[in-house]
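S.K.: Got chain P sorted already, so can you dock chain X onto it with the hints?
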Amino acid sequence: MEIILGVLCQGMIYSIMALGVYITYKILDFPDMTADGTFPLGAAVSTMMLTQGVGSGWTFLTLLASFAAGAMAGMLTGLIHVKCKVRDLLAGIIMMTALYTVNLRICGKANVPLFSTETIFSNSTVDSIFERLLPSSLSKYESIIIIMVILILCKLLLDLYMKTKSGYLLRATGDNATLVTSLAKDKGLVKILGLSLANGLVALSGSMMAQYQRFFDITMGTGTVIIGLASVIMAANLLKNIPVIKNTTTIIIGAIIYRGVWAAVIVIGMDAKDMKFITAALLLIFLIISMERKKKVKMHA
Amino acid sequence: MKRILSAIRGMAPILCMMMTAIMLTACGDQIDETPKAAETGELKTTAEMSEEAEGDLAKGSYTIGISQFAQHGSLDNCREGFIEGLRQAGIVEGENLIIDYQNAEADTGLANQIAGNFVASKVDLICAIATPSAQSAYNAALDTGVPTIFTAVTDPVAAELASEDRMPVGNVTGTSDKLPVEAQLAMIRELLPDAKTIGIIYTTSEVNSETTIAEYEAIVGEYGFELETVGISSIADVPVAADTLLAKVDCLNNLTDNTVVSALPTIIEKANEKGISVFGSEVEQVKIGCLASEGIEYYQLGIQTGLMAAKVLKGEAEASQMPYEIIEESSLYINGAVAEKLGIEISDEVSGRAAEFFTEIE
Chain P
1 MEIILGVLCQ
11 GMIYSIMALG
21 VYITYKILDF
31 PDMTADGTFP
41 LGAAVSTMML
51 TQGVGSGWTF
61 LTLLASFAAG
71 AMAGMLTGLI
81 HVKCKVRDLL
91 AGIIMMTALY
101 TVNLRICGKA
111 NVPLFSTETI
121 FSNSTVDSIF
131 ERLLPSSLSK
141 YESIIIIMVI
151 LILCKLLLDL
161 YMKTKSGYLL
171 RATGDNATLV
181 TSLAKDKGLV
191 KILGLSLANG
201 LVALSGSMMA
211 QYQRFFDITM
221 GTGTVIIGLA
231 SVIMAANLLK
241 NIPVIKNTTT
251 IIIGAIIYRG
261 VWAAVIVIGM
271 DAKDMKFITA
281 ALLLIFLIIS
291 MERKKKVKMH
301 A
Chain X
1 MKRILSAIRG
11 MAPILCMMMT
21 AIMLTACGDQ
31 IDETPKAAET
41 GELKTTAEMS
51 EEAEGDLAKG
61 SYTIGISQFA
71 QHGSLDNCRE
81 GFIEGLRQAG
91 IVEGENLIID
101 YQNAEADTGL
111 ANQIAGNFVA
121 SKVDLICAIA
131 TPSAQSAYNA
141 ALDTGVPTIF
151 TAVTDPVAAE
161 LASEDRMPVG
171 NVTGTSDKLP
181 VEAQLAMIRE
191 LLPDAKTIGI
201 IYTTSEVNSE
211 TTIAEYEAIV
221 GEYGFELETV
231 GISSIADVPV
241 AADTLLAKVD
251 CLNNLTDNTV
261 VSALPTIIEK
271 ANEKGISVFG
281 SEVEQVKIGC
291 LASEGIEYYQ
301 LGIQTGLMAA
311 KVLKGEAEAS
321 QMPYEIIEES
331 SLYINGAVAE
341 KLGIEISDEV
351 SGRAAEFFTE
361 IE
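Quick mapping for you: the protein sequence lines, in order, are chains P and X. Our numbering applies: residue 1 is where the first sequence begins, and numbers increase by one. Our numbering applies: residue 1 is where the second sequence begins, and numbers increase by one.
Just so you know, these hints were derived from the structure itself, not from any lab. Careful: at least some of the hints might be erroneous.
[What the hints assert, rightly or not] Now the in silico label distances, taken between C-beta atoms and shown as ranges: (1) P:T249 to X:E328: 56 to 66 Å; (2) P:L64 to X:G275: 53 to 63 Å; (3) P:Y161 to X:T197: 56 to 66 Å; (4) X:P323 to P:L64: 35 to 45 Å; (5) P:L64 to X:A218: 38 to 48 Å; (6) P:Y161 to X:L227: 51 to 61 Å; (7) P:R105 to X:A218: 21 to 31 Å; (8) X:E182 to P:L133: 51 to 61 Å; (9) X:A317 to P:D127: 24 to 34 Å; (10) X:T359 to P:K140: 57 to 67 Å; (11) X:E273 to P:I268: 43 to 53 Å; (12) X:P239 to P:L134: 51 to 61 Å; (13) X:S121 to P:E131: 29 to 39 Å.
[Claimed, not checked] The calculated EDC-like cross-link candidates involving lysine to aspartate or glutamate, where the alpha carbons are at most 20 Å apart (straight line), are: (14) P:K273 to X:E80; (15) P:K140 to X:D143; (16) P:K83 to P:D186.
[As the list claims (entries may be wrong)] Footprint (simulated), chain P over chain X, 3 or more residues, beta carbon under 8 Å: (17) 96-108; (18) 113-123; (19) 132-141; (20) 204-214.
By construction, the Cβ of each residue, glycine as well, lies at the ideal position given by its N, Cα and C atoms.
Chain P on its own, in the form it takes in the complex (with noise of 0.2 Å):
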């Protein structure tokens, strides 16, 4: 049981990086890699605040703050990309080394633990509020609710704004940039807000994952676009057959079963060391099928 509930809240945290990555690699077909920096960039701002000493339900301001410092990233990887015509890969490349720096910049140091200040999960406001509506049986289920919460909100948001005109222009912008160019539309500035966006919701990410894990590490951030990817493409594929649930949704899932996978494979006993060529592997795996699978498609049309 405590394993499905550490899976659960580890890949819903995940799967709001995975939602940032999906608009950069599925939306805006942007090979973003700056998510590896903004990802830890969103726990060193929130760890920095939180060591300041904000407290009580203003830890929640690390959220927030969070995300902006990570649409700030993702702007300047926009800008970088757009206005000094960088290869998309490579703007992202350069973004993810300077944000090392930056993130060491802000925490002053590789590793801070976070055990002694308050978090989203443990601070005097949730507690007073938990304490009033879960009995203290329940009281383990407190950060997944949290969790829970914040990721819906996320995924509202997203949904609805996906639904604006600026939500439109995104889209089309990685489907037929022509379209968006012939509506009179500037696309350089759509990719450089999609970017934004997806960035601030991976160091959003970020941020949960420095206060669940209750500390700060700079190497957290490695492997996070990776993480996104796998979950973005095994929720493409796994899920694509069902038309009702939205494509949001399905990242979501798809992160959750992709951490699922990451505990199962330690749960049975293999060794961790293969883990990275597992992903890489079931990668393949996953990408390969969907592709079998379009061509038939095709053939039949």
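M.R.: Only chain X this time, still in chain P's reference frame:
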């Protein structure tokens, strides 16, 4: 078949990107592996061990989870020492002990997952090796009653695993691998009476190194030295950092910094070309070519940790009541072959004090 081929061709760009990403991730991880990593190959996998063990285990046996942060000579020694410490206290693997060993490969997310799984499978105790593993284990075990015993955490106070008076902040205690800085400085002064400047290369992502450097800075003057440091962010920066530093210093001193230790052969070679000695912080480093070290023995540290864990397992003491321990005495290791190469004379008095005197470079 043709269809599959064209499908594969179609996704080439995506694959390229994925590969780049995977490679980038992999590079990030490599830095923590030392040449010593091969040693662990001899260890059986967890699955094998528990399979062997489960059959004939009597009731009243213990299950512990070992969460090690990275694969690394010193950390491996720690783990082996830990198991030996338990054995000395009568808790023997395969008889009354099941060990679930997991290595996080320097991935904090994985460390969290490992710790969470240990708690969920209700182990009797978690042994966490190195700071991030200790923090994630403590966090996962919070409010569950599962004790965490850590080792190889340089500064448990800074990691918020203990308070200033060495007492634990919760159900967590263990041992620190704090380096005997004073003994090391005294030893360097003894071997190099004329040296003025000590150089240290460290990784900016390793908090332990920064703590130790602060300690060096505080007392280096007392021994008549000046300190020059260069921070690096990845193993690729090592050659440049070494060249810069070697132009300014009389000797190099090496910490337990994972990245720098991995690149130690490069540093030693560059230093020896210029006739500059490199001091180590641990026996393994002296074996591969450092002149000498006044360091702690990780195997011994592991044994000490194992004995503490045994007390907790047997119910003789509560982890929350035990102050964390450090190894007070340092042991001197000297590499005679290196001294000869550098033309440094080692007096009989000094070599007599050494715990071990190596006559060749591994």
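S.K.: If a hint holds in the structure, say so; if it does not, say that too.
M.R.: Results for each hint:
no.	hint	verdict
1	P:T249 to X:E328: 56 to 66 Å	58 Å, holds
2	P:L64 to X:G275: 53 to 63 Å	57 Å, holds
3	P:Y161 to X:T197: 56 to 66 Å	58 Å, holds
4	X:P323 to P:L64: 35 to 45 Å	41 Å, holds
5	P:L64 to X:A218: 38 to 48 Å	40 Å, holds
6	P:Y161 to X:L227: 51 to 61 Å	53 Å, holds
7	P:R105 to X:A218: 21 to 31 Å	23 Å, holds
8	X:E182 to P:L133: 51 to 61 Å	56 Å, holds
9	X:A317 to P:D127: 24 to 34 Å	31 Å, holds
10	X:T359 to P:K140: 57 to 67 Å	59 Å, holds
11	X:E273 to P:I268: 43 to 53 Å	50 Å, holds
12	X:P239 to P:L134: 51 to 61 Å	57 Å, holds
13	X:S121 to P:E131: 29 to 39 Å	30 Å, holds
14	P:K273 to X:E80	18 Å, holds
15	P:K140 to X:D143	9 Å, holds
16	P:K83 to P:D186	12 Å, holds
17	96-108	holds (count 7)
18	113-123	holds (count 7)
19	132-141	holds (count 6)
20	204-214	holds (count 5)
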